[in-house]
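Enquirer: Protein chains in written order, with the numbering used here: chain A, 575 to 910; chain B, 41 to 192; chain C, 667 to 963.
Hints may be right or wrong, so weigh each one.
What the hints assert, rightly or not - Taking lysine to any residue and the SDA-like style, the derived pairs with C-alpha atoms no more than 20 Å apart in a straight line are:
no., chain 1, residue 1, chain 2, residue 2
1, A, Lys709, C, Thr811
2, A, Lys707, C, Ile791
3, C, Lys706, C, Leu826
4, B, Lys97, B, Ser79
5, C, Lys706, A, Gln755
6, A, Lys709, C, His784
7, A, Lys707, C, Gly709
8, A, Lys709, A, Gly740
Said to hold, decoys possible - Here are some, though not all, of the chain C residues that point toward chain B, as calculated from beta-carbon distances under 10 Å:
no., residue
9, Gly799
10, Val837
11, Val889
12, Ala905
13, His920
Claimed, not checked - Ranges between beta-carbon positions, derived for each pair:
no., chain 1, residue 1, chain 2, residue 2, range
14, C, Trp765, B, Gln110, 44 to 50 Å
15, C, Val854, B, Gln90, 41 to 47 Å
16, B, Gly166, C, Leu766, 34 to 40 Å
17, B, Pro118, C, Phe725, 44 to 50 Å
18, A, Glu696, C, Arg957, 33 to 39 Å
19, B, Tyr175, C, Leu830, 25 to 31 Å
20, C, Thr833, A, Ala688, 47 to 53 Å
21, A, Ala600, C, Ala705, 41 to 47 Å
22, C, Leu766, A, Trp591, 29 to 35 Å
23, A, Trp591, B, Pro118, 56 to 62 Å
24, B, Gly113, C, Phe725, 41 to 47 Å
25, B, Leu178, C, Asn732, 17 to 23 Å
26, C, Leu766, B, Pro168, 52 to 58 Å
27, C, Trp711, A, Arg586, 45 to 51 Å
These aren't lab readings, by the way, just hints derived from the structure by calculation.
Note that this is a predicted model, so its numbers are computed, not measured.
Glycine included, each C-beta is placed from N, C-alpha and C at the ideal position.
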Amino acid sequence: MTEATGHVVEARGVSKWFGETTALDAVDFTVTPGVVHGLLGPNGAGKTTLLSALFGLVLPDEGTLRLFGRTRAEAGPGWLDGVAGFVETPRFYPYLSGRRNLAVLAGLDGGDAAALIDQALERTGLAGARGRKVKGYSLGMRQRLGLAAAMLRRPRLLILDEPTNGMDPAGIRDLRTALRQLARDGVTVVLSSHNMTQVEEICDAVTVLHRGKIAFAGRLDAMRADAPDPVWRLRTGDDGAALEQARRSAGVKAERHDDGGLVVFAAQDPMDEYVLTLARDGVAIRGLELDVTPLESLFFQLTGEAGQPGETRQTPAGLFIPPARPDNVPVTEEVP
Amino acid sequence: MSRRLAAGAATAVITLLTLTASGCGSTGLTAPRLQTSLSSTFANLYVLQQTEQGNPKPSAASLKSQASCQKGGTPDIPQDGSGAWLCQITYLVAGPGYPVIAKYNVDVQTDGCYAADGDGPASVNGSPTIIGPHYAQLINPLSLIDGCFDTT
Amino acid sequence: MTLAADQWPAYAEPAAGPAGPSDPRQRSGTLVVWRLELAKLRGQWRVRAIALMCLVGPFVIVAGLNVQSATPGDTAFGQWVHTSGFAIPMVILGFGGQWLLPVGTAVVAGDIFSSEDHFGTWKTILTRSRSRGELFAGKFLAALTFATATMVLLIITDLLAGLLAGTQPVVGLGGQLVTASHATELVVVSWLSVIPPVLGFTALAIFTSVASRNSAVGIGVPVVLTLAFQVVTLIALPAWGQQVLLSTPFTAWHGFWEQPAYVGPFLYGLLTSAVWFTLCSAAAWLVFRRRTIGGAS
């Protein structure tokens with residue numbers, strides 16, 4: 575792709591100020607080809623500003639930005655060729671139908687984009703609503719239309735800002751599959767989120783942004799190695815005995831939770847060992863779920879946004895997804 | 041943003057206009073220009089009037105029409121600019137001719153166009169209509185004269 | 667409603683060549699934008715309303731003049747409307763030209779940029795294959811096209827309405843009788859002469875639309891300015907002060923109907939219109955070129 579560095583996206587020392595506010599502070603941001611790259615941070619961290627800068631919607635005050643190895647000045651009008659996506663909620667002409675909106679955008683793109691419209695609508699599940707005016711679309715439908723609009727461009731770099739906003743769980747699952755598939759076919763995806771769990775499931779690499787600065791950048795496996803132990807919620811037939819057993823088990827820390835049951839801090843292997851031991855000792859396991867994933871813990875540490883592990887219910891709204899997601903993560907351990 | 045811009049634009053326009061309004065320079069609306077235009081337009085329209093009334097057609101040049109205009113009807117104010125002017129047009133009729141004086145109240149506009157309202161003699165410009173052939177009522181071209189002159 | 671996830675990769679054929687566009691740019695981007703904007707304009711009710719007014723307006727006026735004997739006073743050619751049809755287009759131009767034409771163009775030009783702000787769609791169209799320059803130029807061109815097309819339509823219908831009312835010779839502003847063929851020329855040339863200031867107002871409305879990001883301001887400021895010019899015109903300005911105003915070129919056509927005809931005001935008006943046009947377009951582009959799109963903060 576990029577002859578010089580091999581990066582699809584390469585931002586060096588990018589800063590942006592809005593009046594007194596520093597939105598981006600000397601940000602270095604690189605994305606390698608064919609990965610799904612998560613841009614993570616709490617609300618207001620500067621994610622949207624950075625993505626807007628990639629699209630040229632916001633012009634950085636300092637630093638250089640390259641897409642496929644070319645700066646905006648070098649690339650000229652072709653700067654966004656092969657790049658698609660959206661920032662913030664996708665917006666369309668409300669007085670036109672979904673299909674007409676895509677036709678306008680395809681007209682701007684030229685080429686065979688217009689021929690892809692119906693496919694795109696079908697594949698984003700909007701075929702039934704194609705004739706309806708966009709003003710009647712729900713947030714989730716607009717997100718889908720945004721995806722459809724992006725697909726018309728046959729992107730090699732797909733930039734999505736909080737694409738799961740307003741989507742139902744099924745939609746999120748489908749999106750995940752689709753993005754993984756795109757990545758396998760060589761499309762590079764950059765997506766922003768304030769939700770570590772989602773990023774963890776979809777992304778290969780991640781950049782954590784906090785107050786306009788890079789807090790972490792690297793591959794997800796490298797991040798996992800740095801991450802603290804996950805946090806588990808455990809309910810047993812005899813919490814006292816379970817606490818006692820935790821004290822004897824290496825790599826396991828447990829304490830009582832205010833709402834009953836235990837909060838256990840342990841990596842996967844010691845946790846397996848601990849649970850098996852409890853079972854052998856005749857302590858019934860009534861419930862076990864992953865409360866905070868290791869990366870979530872790390873994310874909270876990096877951004878300083880959350881409370882202590884085990885108290886995630888008290889974290890600011892939106893930072894944490896309630897654990898009602900059986901298909902997302904292995905939340906139950908096999909208990910013999 | 042928009043308010044500041046609007047305010048800025050308004051200030052700029054007002055400043056510019058105040059400067060121009062108070063500034064030096066002629067309006068270009070001068071007595072000689074008005075006189076030249078009015079006398080020649082009058083001559084043309086006199087010819088038209090005579091033709092329409094079925095009289096022999098004089099030539100405009102033979103009238104030797106000459107206008108004399110004063111702003112406000114007095115020489116005491118600057119003889120320049122838009123507003124009310126009083127004009128007298130002297131012209132010669134028929135053959136060796138004798139001079140006739142036609143009077144007009146002229147309203148001069150800033151763009152160099154004027155409307156000259158006939159103020160006598162009644163037989164020439166007093167009546168808005170004239171009688172044409174077969175007793176047809178026609179507009180008297182000399183009653184109200186619209187004309188313009190170059191101010192640049 | 668689900669995302670048919672497994673079918674997506676059909677799109678993801680990596681384009682051949684290094685950073686090549688996914689499609690070759692067959693046409694100039696500006697023209698692409700221009701065509702799309704014209705299509706959008708055609709769908710707007712106000713554009714249709716203006717077109718309809720241009721189409722039937724002159725005929726309605728002729729019909730109105732036919733049923734009453736009074737003549738519109740206080741304007742050149744006013745007393746001749748019942749004598750010759752050629753007086754009618756000139757009365758319309760003298761009466762309505764200075765404010766009706768600027769308002770007509772501002773209604774479209776003052777909205778063509780800010781409507782994207784209103785719908786939040788700048789980011790949608792700026793993330794396609796067209797640069798800011800192309801979008802700016804295409805939209806600008808579309809507004810100019812609308813203004814010019816409307817003027818041409820109005821010239822045609824005005825002339826037709828006039829011819830319909832009568833082709834007798836008309837009394838010119840020099841008192842001379844103007845024959846039908848020459849009068850036809852003068853009507854057309856007079857109307858053509860106001861196109862430059864109309865385009866000046868178009869650029870002005872585009873600037874206010876870009877700067878304010880608000881259609882009410884974008885349309886309102888040029889309209890208010892039109893009225894302000896009218897008021898200011900009443901003040902005794904020096905000749906050059908009068909020439910600075912964008913309303914003055916609307917009266918330059920009077921010289922064409924004089925004997926001898928003069929074109930000084932028209933040439934100065936051309937200069938005035940060009941200066942306004944250039945300043946407003948340049949200012950609009952400067953504001954638009956580096957603006958931050960969206961609520962990124």
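Enquirer: Which of the stated hints cannot be reconciled with the structure, identified by number in ascending sequence?
Expert: When the structure is compared with the hints, numbers 1, 3, 5, 9, 11, 14, 15, 22 and 26 turn out to be violated.
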